[in-house]
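Undergrad: Sequence:
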Amino acid sequence: MLSARIRIAARLLAVAALAALTAGCFQPMYAERTDGTPGLREKLMGVELPPINKINASREARVGVEVRNALAFKLYGTATGMPPTHRLDIRFASSRSSLIVDPNTGLPSSENYGIDCQYNLIEVATGKSVMTGTTFSRVSYDMPGSYQRFSRNRAVRDAEDRAANEIAENINTRLAAFFTAGT
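Taking this note's numbering, the leading residue of the sequence shown gets 318, the next gets one more, and so forth.
It should be emphasised that the hints constitute simulated quantities derived from the structure, not laboratory data.
One or more hints might be untrue.
Distance condition first, Cα-Cα at most 30 Å in a straight line; then the derived DSS-like pairs of lysine-lysine [claimed, not checked]:
1. 391 x 445
2. 360 x 445
3. 445 x 371
Computed Cβ-Cβ distance ranges for the label pairs, DEER-style [stated by the list, open to error]:
4. 330 x 429: 52 to 60 Å
5. 404 x 467: 23 to 31 Å
6. 440 x 389: 36 to 44 Å
7. 486 x 401: 53 to 61 Å
For clarity, every value in this text was computed on a predicted model and none was experimentally measured.
All C-beta atoms in this analysis are idealised placements derived from N, C-alpha and C, irrespective of residue type, glycine included.
Generate coordinates for the entire structure from the input sequences, incorporating the hints supplied.
TA: Here's what the structure looks like:
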């Protein structure tokens with residue numbers, strides 16, 4: 318009975334000692350640094366987002382602006398960026414595919430909209446690529462009735478916006494991981 322209590326106390330002491338050793342290692346990702354080095358927020362604000370190269374007035378150009386705006390809001394918040402330390406080049410391609418086709422009209426009633434995106438983070442000072450990656454987004458949407466032209470257009474546009482926001486979130490998460498861990 319006494320030896321069981323001693324073993325439990327020893328285990329609790331070992332757990333407390335390990336917790337004390339690792340307590341200094343934890344640091345919130347978005348916390349401000351007290352040692353004078355820039356925090357994650359400042360590093361993200363140093364990423365320049367050039368316009369995404371797409372044909373003017375095309376549907377993909379609108380999606381490119383949506384991706385860029387969503388990513389800028391995630392990186393900078395309500396403020397503008399700081400002097401650039403890095404540049405993020407983004408290229409993407411979009412696709413649509415029919416999931417369900419109405420047998421009476423031959424028109425799709427449900428579709429998927431997809432974006433396949435490649436991005437490259439370049440250090441401004443050296444012009445060297447420090448990180449590359451790919452991401453994708455697939456969203457589905459319903460297209461009501463064969464005669465509801467405006468609701469069909471709105472459904473496609475909403476799907477494009479949702480996919481663009483998902484792409485921006487994926488890239489923002491990857492950039493945060495890169496600036497925090499360096500890989």
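Undergrad: Under the constraints set out in the numbered hints, which ones does this structure not fulfil?
TA: Numbers 5, 6 and 7, in rising order.
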